[in-house]
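Relying on the hints, combine the two individually framed chains into one complex.
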Amino acid sequence: MKLFIGSLTSEDPIEWAVDPDGSALLLNPTSAQLDALLSALRVSGLTALPVQ
Amino acid sequence: MPHTLDQLLPSLQSLGLWTYWILALFAMLEAIVFTGLLVPGVLAVIAGGILVQRGAIDFFDLAWFIAAGTILASEISFQLGRLASRGLSGRRSFTTSRHAVRAKAMLQKYGGFAMVIGRFFGPLSAFVPFSAAMAGMSRTRFTSWNLVSAIPYALILPAIGYFFVSAVGTLGVAAPRILVFAAAVLIVLSVMWFVFARVQRALPMLGEILHAVVAGLLKTPFMQRLILRHPEISRFVAARFETAKFLGLTSTVLVVLFIYVLGIYFNSVFDFLGSPDITAADTRIANLIYGIWDTRTIAVAGWITAIGGWQVAVTALVGTTAALLIMRRYALVAGLWLTTAGNQLSVMLLKSFFDRPRSALGYFTETSGSFPSGHAAASVAVWGMLFYVAWRARVMPATAAGLMAITLAIFIGLSRVYLVEHYLSDVLNGYLIGGLWLIVGIAFCEWRRKSGSVRTTPKGRPLAIGIVSLTIIAALYLASTLSTPLNKVAAATAIDVNDPLAIFASGMAQTSTETLIGDPRQSVNLVVAAPNSQPIRAALVGAGWVPAPKPGPGVLLQAYWADWTGGALPQPLVIPTFWNHRPSDLGFALPGSEEGDGLRLHARFWRTEYLTPQG
Chain A
80 MKLFIGSLTS
90 EDPIEWAVDP
100 DGSALLLNPT
110 SAQLDALLSA
120 LRVSGLTALP
130 VQ
Chain B
1366 MPHTLDQLLP
1376 SLQSLGLWTY
1386 WILALFAMLE
1396 AIVFTGLLVP
1406 GVLAVIAGGI
1416 LVQRGAIDFF
1426 DLAWFIAAGT
1436 ILASEISFQL
1446 GRLASRGLSG
1456 RRSFTTSRHA
1466 VRAKAMLQKY
1476 GGFAMVIGRF
1486 FGPLSAFVPF
1496 SAAMAGMSRT
1506 RFTSWNLVSA
1516 IPYALILPAI
1526 GYFFVSAVGT
1536 LGVAAPRILV
1546 FAAAVLIVLS
1556 VMWFVFARVQ
1566 RALPMLGEIL
1576 HAVVAGLLKT
1586 PFMQRLILRH
1596 PEISRFVAAR
1606 FETAKFLGLT
1616 STVLVVLFIY
1626 VLGIYFNSVF
1636 DFLGSPDITA
1646 ADTRIANLIY
1656 GIWDTRTIAV
1666 AGWITAIGGW
1676 QVAVTALVGT
1686 TAALLIMRRY
1696 ALVAGLWLTT
1706 AGNQLSVMLL
1716 KSFFDRPRSA
1726 LGYFTETSGS
1736 FPSGHAAASV
1746 AVWGMLFYVA
1756 WRARVMPATA
1766 AGLMAITLAI
1776 FIGLSRVYLV
1786 EHYLSDVLNG
1796 YLIGGLWLIV
1806 GIAFCEWRRK
1816 SGSVRTTPKG
1826 RPLAIGIVSL
1836 TIIAALYLAS
1846 TLSTPLNKVA
1856 AATAIDVNDP
1866 LAIFASGMAQ
1876 TSTETLIGDP
1886 RQSVNLVVAA
1896 PNSQPIRAAL
1906 VGAGWVPAPK
1916 PGPGVLLQAY
1926 WADWTGGALP
1936 QPLVIPTFWN
1946 HRPSDLGFAL
1956 PGSEEGDGLR
1966 LHARFWRTEY
1976 LTPQG
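Protein chains in written order, with my numbering: chain A, 80 to 131; chain B, 1366 to 1980.
Any given hint might turn out to be false.
Pairs of lysine to any residue residues, derived as SDA-like cross-links and limited to a Cα-Cα distance of at most 20 Å, are as follows [what the hints assert, rightly or not]:
| no. | chain 1 | residue 1 | chain 2 | residue 2 |
| --- | --- | --- | --- | --- |
| 1 | A | Lys81 | B | Pro1896 |
| 2 | A | Lys81 | B | Val1854 |
| 3 | A | Lys81 | B | Ala1856 |
| 4 | A | Lys81 | B | Asp1864 |
| 5 | A | Lys81 | B | Arg1947 |
| 6 | A | Lys81 | B | Glu1974 |
| 7 | A | Lys81 | B | Gly1872 |
| 8 | B | Lys1815 | B | Ala1604 |
| 9 | A | Lys81 | B | Thr1585 |
| 10 | A | Lys81 | B | Ser1898 |
| 11 | A | Lys81 | B | Ala1604 |
| 12 | A | Lys81 | B | Gln1899 |
| 13 | A | Lys81 | B | Ala1859 |
| 14 | A | Lys81 | B | Asp1861 |
| 15 | A | Lys81 | B | Gln1875 |
| 16 | A | Lys81 | B | Ala1857 |
Note that these hints are calculated values from the structure, not bench results.
Next up, chain B with everything else stripped away, as it sits in the complex (with noise of 0.2 Å):
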């Protein structure tokens, strides 16, 4: 049976009854007006039909969530409709969507059949019974079709992703193992497109949509009443909405994303801080990725790698500017170095603040503390204002900004990662901590664009974009050409014992063994003295073992693959355990020794820095 299903959807399948409140819960979203734009319901209603494929869930006690949640969506939707149809001031329909578009054609064509061809379109499902509701239909027409549409939603959805599946099961043994690898980069991308293209269409459907409800709302009794009753209050929210003016919409949304986004950097720091738990994992993925390192995986990060370092970014930046201040944007300018600068210095006094000592297992030579990673902060703070600058200066669309800026943050916070420079929890706090100044430029722009102060100029644009061109070859350049000081890993001081044993009865050792996040796995059985490892292996190769390969990428992709698929592993695969923070440095696996229940014997050994008298 394939399991790895289990690792595309782990939360999903291990939270048993709750799966299935979940994949309602998507269902629903998707079939209400302001999340279904952005929620991916039938993705994951097919998902589910994964999950009950897997024999995770139950088929028709999943329907029956499915239709209970896109039936109880609709019923939202349309009574949406019906409040939006009362802010719009005569207007029966949207016109800034071609959802609500499709969805009012469709219903002139089908009638209340629509509904049921709606709830496989995606966003369509929500805006058939808001566009029913505006159209007039009535209450019980419109409760007879939302509860038939439901069925062949809530049956067929799901199965299509049982029986796709199936047929990828089978057909997978054939095919290439590196579309696996080829497959999860199209997806991650694909997924990121699919979000950021359909956010910047939705938001002037969202806004208008957003506009009639809060407009059908204010004129229902019971909020005239409290208008009348509050008016100051009443006003300041009211205000809090105003699109024409920064300190309306605008301030609201960037106001509540700071303060979301600060919640979560303190929370960050909470955990790091009384939390030994994140320490030891930062510390075992560190020596994990240590033991796998390979140099030509190195030499991309350490190209990667200089991209957020600051010579780069200084580049980027000077070339940037000079490009705005031809082109007079001097807002832009501004909000970029502002941003710049309390980034800079934010880390520099949280490094110093926190002071937490480097890897000594870093590639290259660093100094400075290692939380947050200045590298981190700087991906999304100055790059994520450069491609805002690029967006709002129209070099680039805003899609394609914004997905670049959050590719080049990702693979500069992987890049700090694998080089050991950073512990992961340094990476993530970087980012809110540059998540936080990429908002206040982005907010200082915008107030700045909306006061009109800003005179944009079409004068010197070839020039401009000449600079920037410059700047960025200058940028690659030295990105591929930065040499750093590499770091010398110091041995560990050895401790002398005389008896093998008594470092395990002192304590001195522990017995045993945990996994990445730190569950406890098996226990240390053997102690062996030896000169180095090669009269070990040389010992174990003699009695029939066969050494497995350190598990990098690579192998790990083949075991998900051969887990899939049902097929053989085409090496022994030994996946390390941690022994003091420190994955396995050897692993064995006993070919023969495979039982009825697919267990086979595995040995795994760590250096230690005990000597014995004769060492």
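Isolated chain A (complex conformation) (with noise of 0.2 Å):
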């Protein structure tokens, strides 16, 4: 199986398209958020593992 890495964020999408600095408005997700985004991996037979 090859190894794909993932980030998943809160941020806003246009802020981001147009910021050209990197000052965007971005956040880290509530754990509530990145399990729900495992399960769905999961359920689909993929390994899928949180990093801290």
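As structure tokens, then:
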């Protein structure tokens, strides 16, 4: 199996597109949001692990 | 609130208090005779109004700065006018500029009120006080009008910018998106034409003013004493501004320009050698472009890049040489080939010296070193010289030749970066090398021209034009038919790992991502083992996530438009961030996750070279 690394964030999509200096607001996901994403991947039979 | 103007004027907005000083400097430079012909101060002050509308700066603070800048500049122009009037030997005006003529006419018609009118008409704001001094306006009268005229200027122009943006923001929602791109192209071309036309028109006038001011300065008692005390140095300095000979003003300007470009060149080399950030940014840009390639743009870029290649350049050189020989313009032939040979030799030596490997992602197979870009250097040196020759042979006007030379160089450089044949720093460095040899070639041709050795003849001109036309057709045909071998991108070497999380614990893989310029962004927070990207996509789509398309230029323009107008994006937009210098391979947005502050959940994934035992 190939390894893919991922990142889940909460962010403003437009700010990200038009802000060249990277100061757009970005928040880390809550543990519930991250768990939901991991669950969605695992339900499909993939191995998905959180990275601390 | 619209945000796009942050990007149109990013540096100004990010400068904080300095924004006021810079805008005041623009207003000031426009109201000084020497710089007023070149600096679009009115546009800058209107742009200041736009920043006020954005809430970046305060309206009345801006007005104070603008007023102070323009008052000070008018005072300088007035003093220069007084100085120049001493050096004009009885004449009371300049005749080589329509600005000077209009300024004089306005003064005769409106008196001091011409100061108020002139401030709103670009270079006239400099020529009115200059002409007022030459016409003998009293000091007290000038000062009064100088102060009074600054008030409407400092209040009305920023207000125009303020209300313009409000109106566009309201109307913008209804305008087709394609207009944004068309407007951007139009603005770039207009600015280039504006600068070139102004420079071309300004040169005779600037020469005349400079001559008068220097003559006036030399008549002052202080300068007279200095000349008597240092006669040798005085003669040498005076000779550097002589306009009739090559070893006067022409050579002075060319030498200063050469030293300036050489300085920038060494600076770029030291940056390249000493700053890992430059090479890292180069890699990220190359990887990002590779990730958003599309076949139509590649076809256009391939055609443009062929124009900068040796086959097309040599064809153009041979045809132009034949035409010049028929017209007996031997000095232009020598200058053309001096530049070409010098540029080619320099690029070969520098490529060999730096020996920078090419990106593995290049579209075409290239075997020479990457730094500097030979195409970029040739686009400036060879094509720049060809356009210079076209101007000197009176085939095209200076403005058109200059504009076409710059446009071609920009597009050839961009094509090299787009095709990942070169990194951005290779292209910028190549431009500088080409620029140095272009200055050398122009200097040679101007030296021969001013030495009087040029014998122009109209004989054979139709034949010469016919040859050049055939050459252009042949060059364009070559550009469209050349087929360079394509580069096959090798797959990354796989690395086996037992524990997926061990790649982070051992430091093999970085746990943070970064922006294009290397600023840290979000952390990596999950790792997935999958045979390919398809199961990940299927799993997320099944959970309600929406795949985001690759963010090409069109999508980014739509984002700018949505930002400007406050409209909604037509599709999920997930801008890539970089992990290990590579942009994310997959992006997803979760509709319905938007919160009150406009934030939405985004997921990004990167392929790695790591394989688990099952792989």
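Structure-based check of each hint:
1. For the proposed pair Lys81 of chain A and Pro1896 of chain B, the alpha carbon gap of about 6 Å is at most 20 Å, so the pair holds.
2. For the hint linking Lys81 of chain A to Val1854 of chain B, the alpha-carbon distance of about 19 Å falls within 20 Å, and the restraint holds.
3. Pair hint Lys81 of chain A plus Ala1856 of chain B holds up; C-alpha atoms about 13 Å apart against a cutoff of 20 Å.
4. Annotation: proposed proximity of Lys81 of chain A to Asp1864 of chain B holds, straight-line Cα distance about 12 Å (limit 20 Å).
5. Distance check on the hinted pair: Lys81 of chain A and Arg1947 of chain B sit about 17 Å apart at the alpha-carbon level, within 20 Å; holds.
6. Under the criterion of a C-alpha separation no larger than 20 Å, the hint pairing Lys81 of chain A with Glu1974 of chain B is consistent with the structure, at around 7 Å.
7. Under the criterion of a C-alpha separation no larger than 20 Å, the hint pairing Lys81 of chain A with Gly1872 of chain B is consistent with the structure, at around 19 Å.
8. The hinted pair formed by Lys1815 of chain B and Ala1604 of chain B meets the criterion: a straight-line CA distance of about 15 Å does not exceed 20 Å.
9. Simply put, Lys81 of chain A and Thr1585 of chain B have alpha-carbon atoms about 82 Å apart, too far for the 20 Å limit, and the pair is violated.
10. Straight-line distance between C-alpha atoms of Lys81 of chain A and Ser1898 of chain B comes to about 9 Å, which keeps the hinted pair within the 20 Å bound.
11. Distance restraint check for Lys81 of chain A and Ala1604 of chain B: the Cα-Cα separation of roughly 73 Å exceeds the 20 Å cut-off, and the hinted pair is therefore not satisfied.
12. For a cut-off of 20 Å, the pair hint linking Lys81 of chain A to Gln1899 of chain B stands: about 12 Å separates their Cα positions.
13. About 9 Å separates the Cα atoms of Lys81 of chain A and Ala1859 of chain B, which keeps this hinted pair within 20 Å; it holds.
14. Using a Cα cut-off of 20 Å, the hinted pair Lys81 of chain A and Asp1861 of chain B holds, with the two alpha carbons roughly 9 Å apart.
15. Under the criterion of a C-alpha separation no larger than 20 Å, the hint pairing Lys81 of chain A with Gln1875 of chain B is consistent with the structure, at around 17 Å.
16. A distance of roughly 12 Å separates the Cα atoms of Lys81 of chain A and Ala1857 of chain B; the hinted pair therefore holds under the 20 Å criterion.
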